[in-house]
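S.K.: Since chain A is already given, all that's left is putting chain B on it; use the hints.
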Amino acid sequence: MLLYKTRLYGYLLTACIAGYIWLYYNISQTSSGSHSIQVCPIKKTTSIPCPSCGSTRAVVALMKGEILESFYINPLGILVALIMLIIPFWILIDLTTKRKSLFDFYFQIETFLKKPKVAASLLLLVVINWIWNIAKGL
Amino acid sequence: MDAQKVDMFILTNGKFFESHQLVQIRERLLQIDESKWVAIQTLQFKDPTTSLIVSLLGGSLGIDRFMIGDTGLGVGKLLTCGGLGIWAIIDWFLIMGDTREKNMAVLQQVLY
Chain A
1 MLLYKTRLYG YLLTACIAGY IWLYYNISQT SSGSHSIQVC PIKKTTSIPC
51 PSCGSTRAVV ALMKGEILES FYINPLGILV ALIMLIIPFW ILIDLTTKRK
101 SLFDFYFQIE TFLKKPKVAA SLLLLVVINW IWNIAKGL
Chain B
139 MDAQKVDMFI LTNGKFFESH QLVQIRERLL QIDESKWVAI QTLQFKDPTT
189 SLIVSLLGGS LGIDRFMIGD TGLGVGKLLT CGGLGIWAII DWFLIMGDTR
239 EKNMAVLQQV LY
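Those sequence lines, one after another, are chains A and B. If you number the first sequence the way the numbering used here does, the last residue is 138 and the count never jumps. If you number the second sequence the way the numbering used here does, the last residue is 250 and the count never jumps.
The hints are simulated quantities; they were obtained by calculation from the structure and are not laboratory data. Since we're looking at a predicted model, the values are computed, not measured. Any given hint might turn out to be false.
DSS-like, lysine-lysine: derived pairs with alpha carbons at most 30 Å apart [to be verified]:
| no. | chain 1 | residue 1 | chain 2 | residue 2 |
| --- | --- | --- | --- | --- |
| 1 | A | Lys100 | A | Lys117 |
| 2 | B | Lys174 | A | Lys115 |
| 3 | A | Lys114 | B | Lys184 |
| 4 | A | Lys117 | A | Lys98 |
| 5 | B | Lys184 | A | Lys5 |
| 6 | B | Lys184 | A | Lys115 |
| 7 | A | Lys5 | B | Lys143 |
| 8 | B | Lys143 | A | Lys114 |
| 9 | A | Lys5 | A | Lys98 |
| 10 | A | Lys117 | B | Lys184 |
| 11 | B | Lys174 | A | Lys98 |
Computed far set for chain B versus chain A, every beta-carbon distance over 10 Å [unchecked claim]:
| no. | residue |
| --- | --- |
| 12 | Gln169 |
| 13 | Thr187 |
| 14 | Thr218 |
In this text, a Cβ means the ideal position worked out from N, Cα and C, and glycines have one as well.
With the rest of the complex left out, here is chain A (with noise of 0.2 Å):
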């Protein structure tokens, strides 16, 4: 699958618009008292939390504007955050204005984040991550 841009711009729109549905679904799950589902794959199988397990508890917290406990949940749900926050309106800048600059800009990231010091030191702070996921018991 060859990246070309209306491609690349769907599938960025899908996963926004899933992941909005998948926040709302959250939050009126739990505002009802009862728990939400868990999905995470590696989770259900092994009981051990994902490097990214969390980051939906993360987002709803930094919804509430608790920032420090949204950052003590997850870290990469304030990553997961900004990209759904921009990602939208880049796109909609980007349809109306007829250029192609989140098309280029994800190309940029991606020779960015191939370099082998990037990609070491990006790969040992998501293996932090994941221990700290698992010291907190997520």
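M.R.: The following block gives chain B in isolation, referenced to the frame of chain A:
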């Protein structure tokens, strides 16, 4: 290029490409100059079966996507627990085809 060499390339590397691409690859290889043979021989292709195994084991961490070079999608999968587990399952079926597409892109850089 020599038909014998082309057929040898198709035989040894056929599994790395989609079947419908093989005819096009063969025709193009027959047309191009002999001097590109060394460059084509040294190309590294990724095995679709390997990426399927990686996808089955580490799909919800996005490792399969990182492996075939889709770093952006890999980050997306990593951040969302493999798209809440759904994307990870969808990718079990997509990853082999995507690996072949990536191999085709690598070959095309030399062919055209």
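S.K.: Next step is simple, just say for each hint if it's right about the structure.
M.R.: Checked hints:
Under the criterion of a C-alpha separation no larger than 30 Å, the hint pairing A/Lys100 with A/Lys117 is consistent with the structure, at around 28 Å. A hinted pair counts as satisfied when its Cα atoms are at most 30 Å apart, and B/Lys174 with A/Lys115 qualifies at roughly 28 Å. For the given pair, A/Lys114 sits about 17 Å from B/Lys184 by alpha-carbon distance, which is consistent with the 30 Å threshold. Annotation: proposed proximity of A/Lys117 to A/Lys98 is violated, straight-line Cα distance about 35 Å (limit 30 Å).
Restraint check: the Cα-Cα separation between B/Lys184 and A/Lys5 comes to about 25 Å, which is no more than 30 Å; the hinted pair holds. Simply put, B/Lys184 and A/Lys115 have alpha-carbon atoms about 19 Å apart, close enough for the 30 Å limit, and the pair holds. In summary, the hint linking A/Lys5 to B/Lys143 is not supported, as the alpha carbons are separated by about 37 Å, beyond the 30 Å threshold. Restraint check: the Cα-Cα separation between B/Lys143 and A/Lys114 comes to about 34 Å, which exceeds 30 Å; the hinted pair is violated.
Proximity of A/Lys5 to A/Lys98 is assessed by CA-CA distance (about 11 Å); at most 30 Å being required, the pair is judged to hold. For the hint linking A/Lys117 to B/Lys184, the alpha-carbon distance of about 23 Å falls within 30 Å, and the restraint holds. Distance check on the hinted pair: B/Lys174 and A/Lys98 sit about 39 Å apart at the alpha-carbon level, beyond 30 Å; violated. At roughly 23 Å from the closest C-beta of chain A, the C-beta of B/Gln169 stays outside 10 Å, upholding its exclusion from the interface.
Every CB of chain A lies more than 10 Å from the CB of B/Thr187, the least distance being 18 Å, so the non-interface label holds. Taking the minimum C-beta to C-beta distance to chain A, about 7 Å, the non-interface status of B/Thr218 is violated against the 10 Å cut.
Violated hints, in rising order: 4, 7, 8, 11 and 14; the structure is consistent with all others.
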